[in-house]
Amino acid sequence: MNIIVYPPGSGGNLVSAVIDSKNCYYRNGHFETYRRRLRENAVESMSDEDKDNYITKMGNLFLSVPSHVIDYHIKRNHDFILIAPVTDIEINWCINRFSKIHPDVKQLVQGTESSFKEFVTNGKKHTDKVITVEEIYTGKLIERLKEYVSTPLDTHLYDTWLEADINQKPKE
19 MNIIVYPPGS
29 GGNLVSAVID
39 SKNCYYRNGH
49 FETYRRRLRE
59 NAVESMSDED
69 KDNYITKMGN
79 LFLSVPSHVI
89 DYHIKRNHDF
99 ILIAPVTDIE
109 INWCINRFSK
119 IHPDVKQLVQ
129 GTESSFKEFV
139 TNGKKHTDKV
149 ITVEEIYTGK
159 LIERLKEYVS
169 TPLDTHLYDT
179 WLEADINQKP
189 KE
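If you're matching positions, the sequence shown starts at 19 in the numbering used here and goes up one per residue.
I should point out that these hints are in silico values taken from the structure, not numbers from a laboratory. Keep in mind that a hint or two might mislead.
Unchecked claim - Straight-line Cα separation of at most 30 Å, DSS-like style, residue types lysine-lysine; simulated pairs: (1) K93 x K189; (2) K142 x K164; (3) K164 x K75; (4) K189 x K142; (5) K40 x K75; (6) K93 x K142; (7) K135 x K189; (8) K187 x K69; (9) K40 x K147; (10) K158 x K187; (11) K75 x K187; (12) K118 x K189; (13) K187 x K143; (14) K40 x K189; (15) K164 x K93; (16) K142 x K187; (17) K147 x K189; (18) K93 x K75; (19) K147 x K164; (20) K158 x K143; (21) K143 x K75; (22) K93 x K147; (23) K93 x K40; (24) K135 x K93; (25) K147 x K118; (26) K158 x K118.
What the hints assert, rightly or not - Label pairs and their computed distance ranges (CB to CB): (27) S63 x K40: 31 to 37 Å; (28) I184 x V148: 22 to 28 Å; (29) N110 x G157: 16 to 22 Å; (30) D70 x N114: 21 to 27 Å; (31) D177 x D70: 21 to 27 Å; (32) I184 x E136: 33 to 39 Å; (33) D106 x N78: 17 to 23 Å; (34) L79 x K143: 35 to 41 Å.
The beta-carbon is built from N, C-alpha and C at its ideal position, and this holds for glycine as well.
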C-alpha cells in the first residue's frame with residue numbers, strides 16, 4: 019500500500035490514481051477518488067484505531083490511498099510518499115488550483131502559505147520519498163514515481179491530467 023501524503027491542491031489524488039486508478043473519476047482537470055476519508059474534515063471524529071482500520075481495509079482493496087493527515091502517519095511511523103510544494107510559486111499554484119476545484123470551500127486554503135511550508139518541513143523529516151509539485155506539473159511524475167513504486171503506472175491518466183488548463187505550469 020502506497021500512502022500519498024499531500025497538502026490541498028497539490029495533486030495527491032492524481033498521484034494515487036496514477037498508482038491505482040480503480041474507483042477514480044476525472045472532472046474539470048481533477049482526479050478524485052472514493053478513497054478519501056483521510057482528509058482533515060473527514061477524520062476529525064475518527065480515532066487512530068479507526069484510521070488504522072481504514073488503512074488496512076484500503077490496503078486490501080487498492081495499491082494507494084491519498085491522505086492529508088500527515089501527523090497521524092508520522093505518529094504511526096507509516097512509510098509514505100510526500101507531495102511537496104517547496105517554493106512560493108508551487109504553494110501559490112496549489113492554493114489557486116484548490117480554489118478553482120473547490121470554490122465553495124476555497125477559504126480553507128486562503129492565507130495558508132506558512133501551513134504549507136510547515137507541512138512539507140514536517141513531512142521531509144519522516145520520509146525520503148518526496149515528489150515536488152513542480153515535478154508533477156512539468157511532466158516528471160512518472161519518472162519520479164518509478165523510484166518509489168514497482169507496480170505499473172497509468173501514464174495515459176497522467177497525460178490527460180497534464181492537458182487540463184487548471185494543471186498547467188504557472189507563468190513565471
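If any of the earlier hints don't hold here, list their numbers in rising order. 1, 8, 11, 14, 27, 30, 31, 32, 33 and 34
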